[in-house]
Every structure is written in C-alpha cells, then in structure tokens.
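2 protein chains.
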Amino acid sequence: MNKLFVIKIGGNVLDDEAVLTMFLKDFVAIQAPKILIHGGGGIAAKIGDRLGIESKYVKGRRITDAATLDVVTMVYGGLLNKQLVARLQELGCNAMGFTGADGNLIKATKRPVGETDFGFVGDVTTESVNSTLLVFLLKQGIIPIFAPLTHSNGTLLNTNADTIASVLAASLSMHFDVRLIYCFEKKGVLKDVKDENSVITLLDKKLYEKFLTEGSFHDGILPKLENAFTAIQSGVKEILIGDAKDLSKNLGPETAGTLIKN
Amino acid sequence: MNKLFVIKIGGNVLDDEAVLTMFLKDFVAIQAPKILIHGGGGIAAKIGDRLGIESKYVKGRRITDAATLDVVTMVYGGLLNKQLVARLQELGCNAMGFTGADGNLIKATKRPVGETDFGFVGDVTTESVNSTLLVFLLKQGIIPIFAPLTHSNGTLLNTNADTIASVLAASLSMHFDVRLIYCFEKKGVLKDVKDENSVITLLDKKLYEKFLTEGSFHDGILPKLENAFTAIQSGVKEILIGDAKDLSKNLGPETAGTLIKN
Numbered sequence: 001m002n003k004l005f006v007i008k009i010g011g012n013v014l015d016d017e018a019v020l021t022m023f024l025k026d027f028v029a030i031q032a033p034k035i036l037i038h039g040g041g042g043i044a045a046k047i048g049d050r051l052g053i054e055s056k057y058v059k060g061r062r063i064t065d066a067a068t069l070d071v072v073t074m075v076y077g078g079l080l081n082k083q084l085v086a087r088l089q090e091l092g093c094n095a096m097g098f099t100g101a102d103g104n105l106i107k108a109t110k111r112p113v114g115e116t117d118f119g120f121v122g123d124v125t126t127e128s129v130n131s132t133l134l135v136f137l138l139k140q141g142i143i144p145i146f147a148p149l150t151h152s153n154g155t156l157l158n159t160n161a162d163t164i165a166s167v168l169a170a171s172l173s174m175h176f177d178v179r180l181i182y183c184f185e186k187k188g189v190l191k192d193v194k195d196e197n198s199v200i201t202l203l204d205k206k207l208y209e210k211f212l213t214e215g216s217f218h219d220g221i222l223p224k225l226e227n228a229f230t231a232i233q234s235g236v237k238e239i240l241i242g243d244a245k246d247l248s249k250n251l252g253p254e255t256a257g258t259l260i261k262n
Numbered sequence: 001m002n003k004l005f006v007i008k009i010g011g012n013v014l015d016d017e018a019v020l021t022m023f024l025k026d027f028v029a030i031q032a033p034k035i036l037i038h039g040g041g042g043i044a045a046k047i048g049d050r051l052g053i054e055s056k057y058v059k060g061r062r063i064t065d066a067a068t069l070d071v072v073t074m075v076y077g078g079l080l081n082k083q084l085v086a087r088l089q090e091l092g093c094n095a096m097g098f099t100g101a102d103g104n105l106i107k108a109t110k111r112p113v114g115e116t117d118f119g120f121v122g123d124v125t126t127e128s129v130n131s132t133l134l135v136f137l138l139k140q141g142i143i144p145i146f147a148p149l150t151h152s153n154g155t156l157l158n159t160n161a162d163t164i165a166s167v168l169a170a171s172l173s174m175h176f177d178v179r180l181i182y183c184f185e186k187k188g189v190l191k192d193v194k195d196e197n198s199v200i201t202l203l204d205k206k207l208y209e210k211f212l213t214e215g216s217f218h219d220g221i222l223p224k225l226e227n228a229f230t231a232i233q234s235g236v237k238e239i240l241i242g243d244a245k246d247l248s249k250n251l252g253p254e255t256a257g258t259l260i261k262n
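One line per chain: the protein sequences are A and B, in this order. In this text, residue positions in the first sequence follow my numbering: the first is 1, and each later residue adds one. In this text, residue positions in the second sequence follow my numbering: the first is 1, and each later residue adds one.
Bound-form chain A, shown alone (with noise of 0.2 angstroms):
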C-alpha cells in the first residue's frame, strides 16, 4: 500500500509565524499523500472577545453555544482554513480546504444533552469519513485542509481537532499505509513534563497501560494518546506525537518523537 501522512497542528503552531513557516515548508517537501488538520489558535477566542462573545464553561469544558459556532465557523472554516491554503498553493502545494460538511466528508452526530449540554458539537467516529471521495481527491493529487468542523442536520457542528485526524488516519488506512502525526509544542510524550529531553521514543499498548497505570503521564496528553490507541486498534500502523518544528524529522524510520505502534 502507499504511505499516507494524516498530520494534525494546534493552536501554538498557527500562533507563532516563525513555527508556521518553517512547518508548511516542510509539509509541502513531503513526496506522498499528505492531508493536514488544523486546530484553532488565540485568534478565535481574540475575535469571539471583539464581537463580545463570551467563551462559556460548564465543569471547564467549553460551550458551543450559537453565537460561539458561528465564531468558530469563521475563524476555523474561513480566515485560518483558507489562509492555510493560499500560502500552500504559493508554495506549490495544490491544498484545498474543507469542513465535514464540505462534500459530505465528515458527519457527526450532535452529543447528546447529558448531565451537560455541550451545545453544538459533533462527535465522530471512523464510520463518519466519507472515505471513498477522500481516496478520489488525493487520487487526483489534491491536498486536503481540514478546518476542526463537522456537520449534521443541515448544521455545523464543532469537533476536537485531535479527534477528527484521528478518524481521518483511521478511516484511511483501509487504502494507506498510514502514518498519524500530532504536532504539538513538546518534544513528544515526556516520561517527566518537566525535561524535555526525557521523551519516550517507543510507545506500545503494554507500556502506554502499565504508565497509565503507574499515572506517570501529564494530564494534557492523555487525550492525545486515547486518540492514538483508538486509531491504532482502528488499523492506523503508526502515530507520532512530537514537535511541530522535527516534522522534517519525523517522516522515515528514525524519528526524534514518540512513535507509537500496535
């Protein structure tokens, strides 16, 4: 099968120009389908501020109520989206960007009203991929940019960044031989969150249960790494989590963040 890279940025990537750069130069560089996943960045909640919109929590977990969806289409579907994509094509890279809905391409399904309303956000699994037509556009040597939305019932629906790369490297790998990258602004999953250089470069289902178990993992990246396993035990061969600014370094055999495999 051919290789497949499903590469996922943050927030702290889209904020730092230096880091933005740097990363689409070497995103581009890569000889093999690629698709990339964009989170949100300050800038949503700066522009959600401007128009007086406040960010509601309940248990700190954020809202989406209407007024903030209708920030984050804008922010994440139009300004960062296509901005993305016009620096791409400059660099010759033919990117073209998309929300689930776009084409039908990831539905979710609302989450249902429990203890907490969590307003209007999607949740997806591998089933939600519109897999055949993504196949067909990469086919076609386009490069996918997906803003961190979804759709259902003739709405948008808000959804974790992390977990859309996730269903995306997983519906995919049926057809690829996938390798997920999270970039993100550490090294990769640190042994002890205070020294950079204590990354774990090996990562498997047995050491990821016995740390676990051991709770040495920082709280942040224990939803990244439920992501992983998930794609992992959905047919992804491989996951990465490392550095924004080492993607040139995490695309071979060798690789300078945590890899992680079944």
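Because the hints were derived from the structure by calculation, they are not lab data.
With a straight-line cut-off of 27 angstroms between C-alpha atoms, the simulated DSS-like cross-links for lysine-lysine are: (1) A:K107 x B:K139; (2) A:K46 x B:K56; (3) B:K25 x A:K110; (4) A:K3 x A:K25; (5) B:K110 x A:K25; (6) B:K139 x A:K139; (7) B:K206 x B:K3; (8) A:K56 x B:K46; (9) B:K249 x B:K186; (10) B:K107 x A:K139; (11) B:K107 x A:K25; (12) A:K194 x A:K245; (13) B:K46 x A:K46; (14) B:K245 x B:K194; (15) A:K107 x A:K56; (16) A:K107 x B:K25.
With chain A held as given, fit chain B onto it using these hints.
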C-alpha cells in the same frame, strides 16, 4: 453537450431567510450539473462594524484593506459558504464550498494600483479558472459553492461575485451548454426601473447597444449586463437575469426574467 447551470445569488437572497429557503429548495431540484456563486450580504458589514473595522471608500468604491480582507474571508469564505454547504447537504445536494484558492480553482491578478489603490482585490478572466479540476469535480456529482474570493501570491483577494459567475460560466462553456443565471431582487432587466412589469424578456447584443445609446438602463444593472455580454462573447450560450424567487421558472425554454442570447 450536457447542460450546466451557473447560478449567482446576491446579498438580498442571503439576507432574506424565506427567499433563501425557497431558493435552496429550487436549486437542489435542478436535475443537471450546477454551480452556485454567492455574494456577501449585510452580515459582512455587521460583523465588520462589531469588530470596529470601518468600511473605506474612495470615489464611492469600496477599498479592501487587510482588516476588511480578514472580515470577508471569515464571513464569505467561512460563515456564509459553510452554512450554505451544510444546508444543501441536508437537502441531499452534495455541495462542496470553495474560494478560488482551494485547488487553485480561480487564480486572480491583484488589481494594479492606479489612481486608486483598491487593496486586496482580485481581477479575473476566463483564463483564471482551473476548468479541468472543476469539470472533474462536477463529473463526480459534486456541486461547487463559490464564495467571492480568489487568490494570488499566497494571499486571498476579494472579487466581485457577478464577475466570478461570468468567468466560471465562460471557462466551462467549452465543456457544457452553459446557462448563467443572475438571481437578484427584480423580475429581470426593466425598461422602466419603476415598473416591475416592464421586464425585457429577450435581449441580444443589438438591442443592448441600442438601449445603451438611448441611456435606457438603470445604473445598477449596467455592471451585470457588462458581465453578461462578456460571458456571451466568451461562449456562454444563454444568460438569464431574474428574480431569485423565479428560479424554477428560469430553467427551461420558457423563462420569466430577461434572457440574453448572442
């Protein structure tokens, strides 16, 4: 050749929920390949106001400075475009939203600074359109929905939606029998702008030039007519100017608006 409908809606349709709902239903019902181009509407100005960004004009013509470009990228490329796509998907239409940057579908030239610097405004011709990719997407049953944005040199550019509709129609007329439909708030091109029943049902180049010389046309319709006759010269078979509410009446040989032919 197969028939293709290229349909443009302006702000008046987007700003009127009842008209928009009816329009989308009629659009979805069209049993032929089709492309939608949407303009802006009042929401862009409202969001700009709330963000404290003033609209700048020179000699009555709007200037797109960097802050305004961000607003239109958010509102046209994000909010309006993605909401239309999500609603069309719900109606069973496989819509996919684009700016000209996506897939390099419409590459523009930034308007040269003459007496006036219009800022981030893109000028386009028939040659600006990546018709190969568009034909390919249409053949896959994808319905392209265009925001009035193009790109050049890594940046997005604000481009008139009527003009985008015209160049898309022209570039695709090599592959399809194109009917370009401009939907607006009047029944068609009027002989007497105060009389809604004075629709000119058929307009050809000769009659157009006669009316031009006589100064019969209302100022507001002139740019639309210019775009229309440019498209006709570039091979578009038929252009229809009519009311968005009359879309369903403007798809066959009998029409309710102004039909323009060579």
